[in-house]
Amino acid sequence: MMPILAPTSEAALAEAVAQAARDATPLTILGAGSKAAMLRPVAAEQRLSTAMLDGIVLHAPAELVLAARAGTRLCRIEEALAASGQHLIAEPPALGSLLARATGMAPNDAMDDEATLGGTVAANLSGPRRVAWGAMRDHVIGVRAVNGTGEVIRSGGRVLKNVTGLDLCKLLAGSHGTLAVMTEITLKVLPAPEASATLILPGLDPDAAVAALSAALGSPFGVSGAAWLPDLAGDAGEGPAALVRIEDFAASVAYRSEKLAAQLGVPGTRIVVDAPSRALWRGVRDAEALAVREGEAIWRVSVRPSAGPAAYRAIVAAGGHGFLDWGGGLIWVAGPASLALHAAVEQAARQAGGVWMVLAAPDALRRQVAVIPPEAPALARLSARVKAAFDPEAILNPGRMRDERAEAA
Amino acid sequence: MIRQPQPKQEILARRTALLAELAPMLPPDGLITEELRLRPYETDGLSAYRQPPLAVALPETTEQVAAILRFCHRNAIRVVPRGAGTSLSGGALPMADALVIGLMRMNRILSIDYADRLAVVQAGVTNIGITNAVAAQGFFYAPDPSSQLACMIGGNVNMNSGGAHCLKYGVTANNLLGLKIVTIEGDILEIGGAHLDAAGYDWLGLLTGSEGQLAIVTEVTVRILRSPEGARAMLAAFKANAVAGACVDAIIASGIIPVALEFMDRPAIHACEAFAHAGYPLDAEAMLIIEVEGSVAEQDALLDRIRAICERFDPISLKVSNSVAESQAIWKGRKGAFGAVGRISPDYLCMDGTIPTSRLPEVLERIGAMSARYGLQVANIFHAGDGNLHPLIMFDANDPASFHKAETFGADILKLCVEVGGCLTGEHGVGVEKRDLMGVQFSETDLDQQRRIKSAFDSRWLLNPAKVFPLGPLADAGEAAVAA
Ligand SMILES: Cc1cc2nc3c(=O)[nH]c(=O)nc-3n(C[C@H](O)[C@H](O)[C@H](O)COP(=O)(O)OP(=O)(O)OC[C@H]3O[C@@H](n4cnc5c(N)ncnc54)[C@H](O)[C@@H]3O)c2cc1C
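Line by line, the protein sequences give chains B and F.
Quick note: the first sequence uses my numbering, first residue -5, plus one each step.
Quick note: the second sequence uses my numbering, first residue 23, plus one each step.
Chain B extracted, bound-state conformation (with noise of 0.2 Å):
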C-alpha cells in the first residue's frame, strides 16, 4: 500500500491536492480512516488524511463557539467542551467499534476514540438529540477547505448568526470529502443540561411506540430523544421499550418528566434519571442495541416518522434487525450483507418516501448498489456540475459516494 499523505499545515495539504490535480492523481480523503466502512471504496490508491492537522484553534464559551482543525479526534474536543459545562448540541455517534466488528476486525473501545471532527462534520452524522435540536450541519457556522484544484476556500465564520453568500458550510457537511478537504470547522455549541431524565414507555410494538414517540415530541416539555429498543438491553426479558428523554435543569426535568409520562399514560412507565439516563442514550447514539454480527452489513434508513413501523416491519420480514430513532423517523439496520437485503431496504425506504445509506458494508456489496438513492436525473445534472465547481479533475474521492461510470452510463 501506499504510504498515507498526512500533512502537518492546510497551506501543505492545499500544496499536496495542487499537485495530485497537476498529475491527475485520485485521493482518497480520510481523518483517522474509522469510517472507511460507510458508502462505497473509493477509487484511489494514494491517501490523504487530514490527521495532523490538529488542535483547537477558538474556544470561546460564553459566544458559544468552537473551532477545530479537522483532523482533531472528537473525543478531545467533547473533553474540552465538558471542560466548561458545553456538549456539542448534535451528540454525534462514535461509530468506530461498531464499523470495525461489521467489516470483521476485532472491535475494542479505543476505536471509538479515533473519529476526527472532519470525518464527522464530512459525513453530516448526528445522534438522537437530532430530533429536537438539529444535525451536525446545523451547527457548523464555518468551515476553511482545499478544493480539488488546491486552493484554499472559506465559508460562514465564527458568528453564529451569518447569511453572508452561499452556505458552504452544510453543503460540505455531508459531502463525504468529495467536493473538499475540510481543514479547519467552527461549531455552535450549548451548555450541557443540568440533569438528564428517560421515560421507559415498556411493551410498546413500534406502532404503539411511535405513536407515543409522536405525542412525546409534539408535547410542550422540550423531549430531545425518542427512540424505540425491540429488546431492552441490560434488563433481561423486559421486552421491547420506548424510550423518551428529557434535558434540562434538575428541577424542570423531574416536573415535566413526571406530567409527560402522567400524560402518555402507559402502563408500567419507569423514569430513570442521570447516570443511567445517559448511559441509555450513549447506547442509542452509538446503535450499540444493533448487535451486530461479524461481517453484517449496516444501513441507516431516514422517513417520516409516521412511516417508520411498517418499513422496519418490512426490514425484518427480510431479514433484518434494528432499532428506532428519531421519533421513529431513524431506522437502524443491521443484517446479512446480501444483495436481498440491500434490495428490502432500499424499497422499505422508497414505499415511505425516505432515504437510505449504507453505513458498513463488505466491499463486494456495496460495489455492487446503490449506497445512497440515487438523484432524478436533473438534479444528478447538477450534482455532477457543483462536484466540476469544486473538484474538475475527480480526484477527490471518487466512488464514495456513488459509481459516477455507472451513473453516467
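Mixed in with the good hints there might be a few duds.
Derived Cβ-Cβ restraints for the label pairs, each shown as a range [as the list claims (entries may be wrong)]:
id, chain 1, residue 1, chain 2, residue 2, range
1, F, V462, B, G49, 27 to 37 Å
2, F, G397, B, P371, 42 to 52 Å
3, F, A319, B, R379, 53 to 63 Å
One side of the interface only, derived from the structure: several residues of chain F facing chain B at Cβ under 7 Å [as the list claims (entries may be wrong)]:
id, residue
4, D138
5, G227
6, N410
What the hints contain is simulated information worked out from the structure, not anything from laboratory work.
Think of the CB as a built atom: it goes at the ideal place given N, C-alpha and C, for glycine as much as any other residue.
On the provided structure of chain B, position chain F with the ligand as indicated by the hints.
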C-alpha cells in the same frame, strides 16, 4: 449609490413580442405590463432603490413557473423572484429588462401533519400564516422575523431569515425539511421531503439563503413545533454597554439559554420609549429584554436565576413580568422599534452585521464615534445571544448628500463587523446593498468558488442578477464575472 448593470437593449426592443408569448403561459390576469400597475413592484424594503421591471408574472402553479423559466432561459431574459418584497437588502429589486416572478398567488397550505410535526406550504404563504394555521392545535412555526405578517416563506427560505426567538429555535435553515424548486432551465425538483437529512449532498442547506440565485422555490416543507406551556419576559437596565454585555456573558455561562435576549442602547431606548411608553428607564445606557419559557414554576425558577445574575452587575432597574400583559408591555417598545425610529427620522437604514458578542462594547463605542463624525444619529438594537447587530442609521432622504453619508456610514459599520471577526449580514442578506462589500469578507478565491456554484445552477446568470456577487469590471453580471 450602488451601480446597476445596463439593461439588455435587445430584450427591451422585443418587449411586446416577448410578453405576448409569455401571457398564454399564465392565468388570464397573471401578467402585469402596464406602467402604473408595475409601480408596486419597483422596489422592496430598501426603498431608496427603485426600478420598474419589464413585467410581472404571477403564476399559480409550479408548472406555470417552470414554463415561464424555460421561456426566459431560451430567450435569455433576466428573472427576479419576489415574495412579499420586504427584503431590506434590495434582494427583490427589479431591473428594467427583468421579469419579476411574484409568488404571492401561490398562497395555499397544502397539508399539515401533527404526528410528524410538519406542514407543506406554497412559497407565497406568509410566515405568520403558517403559525396561524397550526396555532389551534398548540403548534407554531419557530422563525419569527419582525416582518412576519407580510413576508412569505419563499422569501424566508431564500434569505434564511431569523427572528427574535432564533437563539433557542434556530433560523429558517434549521426548521426546514424539504423544498420544491424550479431551475432556470425549467426542471422541477424535489429536495428533501418529510424525513430528516439528505443522504446525498445537502441541497436544502445550499438553497436556503441563496437569495434567488440558484432556483425558484415553489413549495416548502417546514417543521412545526409544539408551543411551550408559557413564556415570560424581564427587563434589566445598566449603566454602561460593557456592563450589559458582561451580564449577557454571565447568563450564558450559567447554562441558561433564554428564548430571547435583546439588547438596546441608549438612543434605541429613548426612541422606543417616546413611541411606546413601555416604561423603559431613560437614565440607562443599555437595556436587556430577556424571555424564558416553560410552566409558571419553571419561568419563576429561571427568572430568579437570571435576576440574581443581573444583580451582580449593579443594574439601574430590574423588572420581572408577572403576567402576559406585563410581558407584552416589556416587548412593546422593542417590537415597535422600527416605527419608533421612523418617528424621529422618516428615513433610516437598518443595518444587519454580526459580531462576536464579546466585542460589543468596543463596537458600540466605535459606531458612536462614527456617528459623531458623519453627523448622523444611530440607534442600536442587538440580538445579544447570537451577536446580530442592527444599527438604525437616521438620515434625510430629501438630501442626496445625507443619503450618501448614511450609506457610507453603514458600509463602515459592516467593515467594522468583519474586522472584529464577524460578518456583513446576519439575517437580511447581501442583496444589492452589500454586494460591493463582499470583498471585505471574502477573498476572490472564496467568491469564485461561490460563483462557480451559481454557474452550475444558472450558467447564463439570469436568476436575480447583479445581487450578492460583486459585478465584473464592465458591470456585466454574467459568465464574464466567472471567467475574469
Ligand atoms: C419591518 C421589517 C422587519 C424585518 N425583520 C426581519 C427580521 O426580524 N429578521 C429577518 O431575518 N428579516 C427581517 N426583515 C427582512 C425581510 O422581511 C426578510 O428578508 C424576508 O424573509 C423577506 O421575505 P419576502 O417574502 O418579503 O421576500 P422578498 O423581499 O420578496 O425577497 C427576498 C429575496 O428572496 C428572493 N425570493 C423571494 N421569494 C423567492 C422564491 N419563492 N424563490 C426564489 N427566490 C425568492 C428574492 O429574489 C429576494 O432576493 C424585515 C423586513 C422589514 C421590512
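Against the structure, the hints come out as follows:
1. Taking 27 to 37 Å as the suggested C-beta distance range, the pair V462/F and G49/B conforms, at roughly 28 Å.
2. For G397/F and P371/B, the hinted distance range of 42 to 52 Å is not satisfied, since their beta carbons lie about 59 Å from each other.
3. In this structure, A319/F and R379/B meet the distance hint of 53 to 63 Å, their C-beta atoms being roughly 56 Å apart.
4. Evaluation of the D138/F hint against chain B yields a held restraint, the C-beta minimum of about 5 Å falling below 7 Å.
5. Here the hint on G227/F is kept, as its CB sits about 3 Å from the closest CB of chain B, short of 7 Å.
6. Hint on N410/F holds. Least Cβ distance to chain B is approximately 4 Å, under the 7 Å limit.
Violated hint for the displayed structure: number 2, the only one.
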